[in-house]
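Chemist: Construct the entire structure; sequences and hints are all you get.
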Amino acid sequence: RLDLHGYTVHNAWHRFSAFIVDCKYAGHKSVVVVTGQGEIAKELPAWAHLDQNIRLCEQQNPGCYKIYLKKSCNYD
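Numbering of the sequence shown is given in the numbering used here, commencing with residue 5 and proceeding in unit increments.
I should point out that these hints are in silico values taken from the structure, not numbers from a laboratory. Just so you know, not all the hints are guaranteed correct.
What the hints assert, rightly or not - 27 angstroms max Cα-Cα, derived DSSO-like pairs, lysine-lysine:
(1) Lys-74 x Lys-28
(2) Lys-46 x Lys-74
(3) Lys-46 x Lys-70
(4) Lys-33 x Lys-46
(5) Lys-33 x Lys-75
(6) Lys-33 x Lys-74
(7) Lys-46 x Lys-28
(8) Lys-33 x Lys-70
(9) Lys-70 x Lys-28
(10) Lys-28 x Lys-75
Modeler: Now the structure itself:
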């Protein structure tokens with residue numbers, strides 16, 4: 005779970021991007037991101053759409069999103 009309350013939009017984007025990469029490589033299938041109801045909440049769906057590690061972004065309620073990550077490819 006990632007809580008972006010108190011971040012600027014720019015810093016929240018950086019934190020979100022790093023968090024998604026960390027969660028994907030840790031093997032998580034989905035994560036929850038809390039944004040609050042401000043500018044970050046308006047921006048997060050676009051960030052998710054552009055992130056190659058994300059399969060789907062669903063708003064759970066105002067200010068909270070569930071992010072589904074793409075499966076990792078294993079090259080043995």
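Chemist: Verify the proposed pairing of Lys-74 with Lys-28, using a straight-line Cα cut of 27 angstroms.
Modeler: Cα-Cα ~8 angstroms, so holds.
Chemist: Lys-33 and Lys-74 were given as a pair; does the straight-line alpha-carbon distance stay at or below 27 angstroms?
Modeler: holds (7 angstroms)
Chemist: Do the alpha carbons of Lys-28 and Lys-75 lie within 27 angstroms of each other, as the hint requires?
Modeler: holds (8 angstroms)
Chemist: With a cut-off of 27 angstroms on the C-alpha distance, tell me whether Lys-33 and Lys-70 pass.
Modeler: holds (11 angstroms)
Chemist: Holds or violated: Lys-33 with Lys-75, Cα cutoff 27 angstroms?
Modeler: With a Cα-Cα distance of about 7 angstroms, the restraint between Lys-33 and Lys-75 holds, given a limit of 27 angstroms.
Chemist: Would the hint linking Lys-46 and Lys-28 be met if the CA-CA limit is 27 angstroms?
Modeler: holds (23 angstroms)
Chemist: Holds or violated: Lys-46 with Lys-74, Cα cutoff 27 angstroms?
Modeler: holds (23 angstroms)
Chemist: Between Lys-33 and Lys-46, is the straight-line Cα distance small enough, at 27 angstroms or below?
Modeler: holds (23 angstroms)
Chemist: Mind checking the alpha carbons of Lys-70 and Lys-28 for me, to see if they're no more than 27 angstroms apart?
Modeler: holds (14 angstroms)
Chemist: Between Lys-46 and Lys-70, does the CA-CA distance stay at or below 27 angstroms?
Modeler: The given pair, whose Cα atoms are some 15 angstroms apart, holds under the 27 angstroms limit.
The structure agrees with every numbered hint stated previously.
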